[in-house]
Amino acid sequence: MPKLSIDGREVEVPAGTNLIEAARLLDLEIPHFCYHPGLSVAGNCRMCLVEVEKAPKLQIACNTAVAEGMVVRTDSDKVKKARAGVMEFLLLNHPIDCPICDCAGECYLQDYYMEHDLKASRLEEGKNKKEKAQPIGPHVMLDKERCVLCSRCVRFTDEVSKTHELGIFGRGSTEEIALAPGKTLDNPYSGCVVDLCPVGALTDRDFRFKSRPWFLKETATICGGCAMGCSVVLDTNTNPYNKVGQDRAYRLFPRENREVNGWWMCDEGRYSHHSVDRGRSQGPRLRGKGVPADFALARLAAEAAPLVKAHPGRAAFLLSPRLTNESLFAFRRLAESLGVAQVEFGDDLKAEGRADGFLIQADRNPNSRGARELGLGPRPGVLGGRDLLKAAQGGAFDVVFVLEHALDPAALKALAAATKVLAGFHVQEPVEAGIYTVHLPLAHAFEQDGTFTNVQGRVQRNRKALEPLGDSLPAYAWAQRLGAALGVPQAPDGPEALFRAWTQGRPELAGAVFEPLAAAAPAAA
Amino acid sequence: MSPITPELKARFEKIVARYPKGQEQSAVIPLLHALQESGGGHLTTEHQQAVADFLGVPMSKVHEVTTFYTMFSLKPRGRHHISVCRTLPCALCGCGDVAKAVRERLGVGPGEVTADGMFSYEEVECLAQCHLGPVFQIGDTVYGDLTADKAKAVIDGLAKQGGR
Ligand code: SF4
Ligand code: SF4
Ligand code: FES
Ligand code: FES
Chain X
1 MPKLSIDGRE VEVPAGTNLI EAARLLDLEI PHFCYHPGLS VAGNCRMCLV EVEKAPKLQI
61 ACNTAVAEGM VVRTDSDKVK KARAGVMEFL LLNHPIDCPI CDCAGECYLQ DYYMEHDLKA
121 SRLEEGKNKK EKAQPIGPHV MLDKERCVLC SRCVRFTDEV SKTHELGIFG RGSTEEIALA
181 PGKTLDNPYS GCVVDLCPVG ALTDRDFRFK SRPWFLKETA TICGGCAMGC SVVLDTNTNP
241 YNKVGQDRAY RLFPRENREV NGWWMCDEGR YSHHSVDRGR SQGPRLRGKG VPADFALARL
301 AAEAAPLVKA HPGRAAFLLS PRLTNESLFA FRRLAESLGV AQVEFGDDLK AEGRADGFLI
361 QADRNPNSRG ARELGLGPRP GVLGGRDLLK AAQGGAFDVV FVLEHALDPA ALKALAAATK
421 VLAGFHVQEP VEAGIYTVHL PLAHAFEQDG TFTNVQGRVQ RNRKALEPLG DSLPAYAWAQ
481 RLGAALGVPQ APDGPEALFR AWTQGRPELA GAVFEPLAAA APAAA
Chain Z
1 MSPITPELKA RFEKIVARYP KGQEQSAVIP LLHALQESGG GHLTTEHQQA VADFLGVPMS
61 KVHEVTTFYT MFSLKPRGRH HISVCRTLPC ALCGCGDVAK AVRERLGVGP GEVTADGMFS
121 YEEVECLAQC HLGPVFQIGD TVYGDLTADK AKAVIDGLAK QGGR
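Listed in order, the protein sequences are those of chains X and Z.
With the numbering used here applied, the first sequence covers 1 to 525.
With the numbering used here applied, the second sequence covers 1 to 164.
Hints are not guaranteed to be accurate.
Claimed, not checked - Here are some chain Z residues pointing at chain X (derived, C-beta under 7 Å):
1. T44
2. T45
3. P58
4. M59
5. S60
6. E64
7. T67
8. F68
In case anyone wonders, no lab produced these hints; they're calculated from the structure.
C-beta atoms are modelled at their ideal positions from N, C-alpha and C, and glycine is treated no differently.
One chain only, chain Z, in its complex shape (with noise of 0.2 Å):
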């Protein structure tokens, strides 16, 4: 069965309208949003094909898409997803630090997803955020300013509320 739901191949039309005729791979990126969205946050073979079918492009140009981008994820995500970020100038405001006491308080590594489903974890590269740093983002949520201190009191919370 294809990924793509009537409502969803409306959405994905309209999206591919926004380009210029002949150019429809540009839309590559805003459908595999639209679609991991709708799809329980991650994207499967099924999916990228999918779009690369519907676009006319091929699956390698696609998967070129997902395994470039820290925003699409290939497998499945906690409910909370911590993005951590890595890059030059997080890490002279002291990222290692804040890396280090999320990893310990959810006791997992790069990629991997806590025991309960609850968080996921990944450290990437510039979040555009620079001027707060150190940073990470938890789902549409950049927190800045952070310290050890800080990262772990929000995971706190968020544990708390259980859902999202």
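Bound-form chain X, shown alone (with noise of 0.2 Å):
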């Protein structure tokens, strides 16, 4: 591995790696706009430019990969002025308009402009006017004076979406950013070229001016729309104008994780985050009526607990890929105290759509492998989702725990009708919740702290970002109180408790730890 030294600190790296990355691992951000570890190096920003020794000209950083003894400097005067020189031919005719730019206090050039710039514009004619506010696709809004035509979005759409809808057209300082004729950003990838972009210059349709970035807490935690679970990351706020009075998600964005998802997301699962607020089960129900939740519990005691005792053959769990494996230990172990072998997670029942061969899995839950690794598929004397229904329909079962299931209203009456006690826990309340015996409101991913293991087989760290809404909880906690009230009390553990029990002789998850580090900021690219 080549030895070098960047600003008289010596760095090993591997053969290949370029200045910007070399210098990095040391925490020294070389400047660059056009540069994306995820892209293919385009080297037409000039910002990066470097002091290489034996080199007569500045060098940019992003195009040069490192060599053996080679001395770096990236803060002599001769790169500081380069720099400067750059940002100045870089706004000469950007319009300023930060103040009612949703970029503004994550812009790169903002930032450069105080690090590297800080000078008054030397410009005398007037600025070039190009066009402002364009939608471009059903996500993305485009202003093209704000660009600086560093080509990230261009590349994405040719290298990773690879639809080929954007390109740099036009030449000189009219040159702009713009669809190729007849196209429109629609892809499903189509978001990320937003975070890609160093400037105001490409917006989210769905974010736009719905809050400054300063304002807004990041949780680092794990994308739920499907089987790859993305890393993201997710910002939340007060909103002063909500009626909730509390917390909600403002956006979710992808964060670098070279084993999962690089650094993207899918459309789908950027604008997930909204699933927080629609149609959420908020309030216990009995037989459809608002109830406290101890009034709800009790009555499902007095009804469930008699049948189960007598009969632990004729109850039945109906768990999902949707829980965290903590959640779906916590009722495994649940089942094991009240003597109920039917615990299965209904995999045959699941949501399923179409898998594009990059990220989006065709399993749209987040945990079908975590509930299959934990045994909770069909096995010998447990039934699958659909034979558990067939046969629960025909009155094989007198208590019956939905958890997370949309099942048919047609189904479920069926359902109701053939069983005596028939308990529901959904995120989202159901449109026959009234057919349920009780039904109880589950905490959303978001508001809750877990793991989830993605189609890989990666046990990722689901991070709680928001209070559960509503008298809802985690449907571990439901396990818990669940049990107290059935007369199995179960051990009080929290989501780190649950995930130490059921790691616990799974020797390929030793030494796993609940809390990595803290949660990892994401990293800037």
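Put the complex together from the two separate chains, hints included.
Written out as structure tokens, the structure reads:
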């Protein structure tokens, strides 16, 4: 591995590494616009110029590979002057409309201006005018004046989404980013160009003008939109105008994870944060009527406990691939202490879509693999989801607990008719909530800690960013309260203790910790 | 209907064969030239799409080329297309006066066509004839050492001729 020195500090990196990445290892940021680790090197912005000993001119760090004995300076006067010069050119025709720009506060131009430029414009002629606030697709707005022509967005559509909607058209100072004739920026990953854009030229139509980024709180978590479990950041904030009076979700964007999603996520996942406020089930219901949780649990216990005790074989739990490993484990443990064998996660009932061979998985649930690995799939003596429903509709069970399954109303009616007690637990209020003897609200994935096991078998940490809405609780908490009500008290374990419990005796997870370091901050790319 | 006639297709194939396999994209410019010449002096969206499809490259890449080079026109031009060089060497030799004279003589601005369809006007970057500056190009002919009067005389001559 070549050893080199950057600003007098030695660093050893694999051959082929470029100077921006090598400097990052020393916590040195070489300013850059066009370079992005997930895209090909374009070398067009010239912001990353550095001094390399023995090279007569400054070199662009993004396209200079390390070499043994290389001596690099990123802080010399020559470099500083070059950066200021590049900034002056980039700002030549820039409208400087930061006060009305959604990117303000997370804009490379702003940061680099403060760090490397700090001069007034010397341009005496008027600035070029270009189109502003043009919708270029369902999710993205384009402001051509703010663009620094780094071509990141073009390379994304050429290299990652491979949809080729964008190009740099024209020439000279009137050159601009635009859609190719006849195209709209409408691909399953289109929102990624907003993350990539170093300035406010591309903004998110969903997030635009909703909040200044400096008011947002970041939580590093996982997207639950499909079995891929992309690493994401969830931004939350109190909104003085919402009726809820507590923090709400503002946006989701990808967090670098080279093992799973790289730097990307799909649009479906990105805008899924609205689900935390959509049709939520917020209060316990007894035969459709809103009641306090304790009352609902007491009634449920009064009706179900004798039946379960008398015939544990006539009770069933239908769990879900949408629950965390910790909640699945808690319900499995509850079923065990009740002597109920029929505990399964309804693999054959779950939501499926189409896989795209990139990130999006056909399985639109975050934890099917986790449920399978916890031994909750169909197995000898235990019915799979469809068979269970069929048997239950035929009267094989007295008590059925259904967690997070959007069953169709006809099936649900048949189920309710054939059982004595039907308990439901959902994040979203089912249209037929009144069919359930008791219905209890589940917390959204954003409102709880836990883990999901993605399609690759990675056990990934889901982090709580919001307080549960209304009376909703994570499923593991309902399992504990249910246990107490049914006369089989459960250990009052939080998600961390549950994690330790279910990972015990799993050699491949030996040494796994629930809280790995601090929640890694999203890396600036 | 594809704008690529059988004759044009044969010509395209011959052009593409000049480039190494896998680098067919290199043929974008000569194909566009061929199409512009045969297709009435300018390139429509369909023309550009046809070249993109023929070479198997995205439309965006073809459109980047047609919008970059002033040799390609995306809208109809006059019978005589006048490109006045406005780059530094010509500017030092006084192309500003020449450009002004041409604009006044024609009564149109950059990118515009005279009402009778005879002339179109454009200001372009260096035409690689700096030693003759100020210069303009009309069709395939470059006129050098221009002054405002000489430029007007050239245009008057063409106007009198009428056709090409
Ligand atoms: S729109 Fe943004 S990402 Fe695209 S070229 Fe301009 S500055 Fe770069
Ligand atoms: S691919 Fe799946 S996990 Fe990734 S963002 Fe999309 S829905 Fe979420
Ligand atoms: S980051 Fe190196 S030239 Fe743009
Ligand atoms: S500057 Fe006019 S031809 Fe070169």
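- request: Could you check the structure against the hints above and give me the numbers of any it violates, in ascending order?
  value: 1
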